[in-house]
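Residue 84 in full-length UniProt numbering sits at position 84 of the sequence shown, and the numbers go up by one each step.
Certain hints may be false.
In silico lysine-lysine, DSS-like type, Cα no more than 25 angstroms apart, as pairs [claimed, not checked]: (1) K322 x K294; (2) K16 x K101; (3) K351 x K294; (4) K16 x K373; (5) K336 x K318; (6) K13 x K101; (7) K372 x K322; (8) K16 x K99; (9) K25 x K75; (10) K407 x K305; (11) K373 x K305; (12) K228 x K2.
Because the hints were derived from the structure by calculation, they are not lab data.
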Amino acid sequence: MKYAQINSNLFIKNRKKFTAQMRPKSIAVFNSNDIYPIGADSTLPFEQDRDIFYLSGADQEETILLLFPDAIDPKHREILFVRETNDHIAVWEGAKLTKEKATEVSGIETVYWLTDFDKIFFDLMTEADTIYFNTNEHYRQAVETQTREARFIEKCKKEYPAHQWAKSNPILQNIRGVKEPEEIELMQTACDITEKGFRRILEFVKPGVWEHEIEAEFLHEFIRNRSKGFAYSPIIASGNNANVLHYLENNQQVQDGDMILLDLAAEYANYSSDMTRTIPANGKFTDRQKEVYKAVLRVKDEATKMLVPGTIWAEYHKEVGKLMTSELIGLGLLDKADVQNENPDWPAYKKYFMHGTSHHIGLNTHDYGELKKPMKANMVFTVEPGIYIPAEGMGIRLEDDVVIQEKGEPFNLMRNIPIEIEEIEELMNT
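Work out the full structure, taking the sequences as your base and the hints as a guide.
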């Protein structure tokens, strides 16, 4: 891995939080992701399942984590199963986790080869009443491929029909949403790498460059700073492309007078950052661009102040909608009649700002975290309002990642990334 090894104390703490919520005499199992084929002998780069990584730090394929707090034999209360390595694998694929290295990474003393899993699992299931399955219940999930986890669940239900089933996901939603200090530090590193990329392109961008050239500049800076690359598919949208919310082609030439919406960020150690900035291609905002930009920035700043312990996510979005409505009236995009006659299910402001303002961020860009319960300190959220005006060939979105504090305003992990008009213009014209 490109990143510096994470102290195993983080994963020890995470497992303690998970097992504290397990039923008596229960086992929880977590599988690594598959390596996905793309044809012939080619595969996609491996990406570890974020749950097994969160609980073990094991960043390798063909890995299983088993948690059984009530196991009769103390050494079987947490077990990591890894693929057996040998000299042949080391030559062709590179070093894999040895048992000793797996213990060092995870803090788990008992490590077996994966080939021993079925025998050991059967023995432990005779002691257990309940098996926790790790289903994906993220509110935005849309998985069509059968995962390694899904295959395990299917097999387990057939082979152990007398056991009770329970869900790991509610526990993970609860504990992954509130970050440990080590996690916030890793996310700060991801944000700092993102900052380096953004400062790099401010010197590079000018009319005539291509969107994919800007993408390449970011990627260069990310990888040279020990990131794998983008935390999610990058959006580099010049001109009217910015009015396509998930524009991914990045294949157009930037024109003089365009605004360029940049929604992209680095990952670090599997932790995401998520940034959006919108900059003028020629280094100078027009008066109208400034007017819209400042409106978006005001909404972002005021919305950020609402992210405090006790805030309810759905109510927060309603309040942000009110802020945006006021700004859109000020910009002449809405009038009071539009607001008075609006559909409550689709308020008038959504014509120009049709997406949500904030989501959890962490090991996933749209991370796990409880959304129907009050916000807590050390939850990390994005704040990303935007105004999209196709008739003016302009879309402006601004986004930072912030950590909710026990008291006061959130801590902005992107506080050092330029966002004010004057600083952006200065950096683009030096």
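How the hints compare with the structure:
1. K322 x K294: holds (17 angstroms)
2. K16 x K101: Status holds; Cα separation ~21 angstroms.
3. K351 x K294: holds (19 angstroms)
4. K16 x K373: holds (22 angstroms)
5. K336 x K318: Holds, because 18 angstroms separates the two Cα atoms, which is no more than 25 angstroms.
6. K13 x K101: holds (19 angstroms)
7. K372 x K322: The given pair, whose Cα atoms are some 21 angstroms apart, holds under the 25 angstroms limit.
8. K16 x K99: holds (22 angstroms)
9. K25 x K75: At roughly 15 angstroms apart (the allowed maximum being 25 angstroms), K75 and K25 satisfy the hint.
10. K407 x K305: holds (11 angstroms)
11. K373 x K305: holds (18 angstroms)
12. K228 x K2: OK: K228 and K2 at ~7 angstroms, within 25 angstroms.
Consistency with the previously given hints is maintained throughout, with no hint failing.
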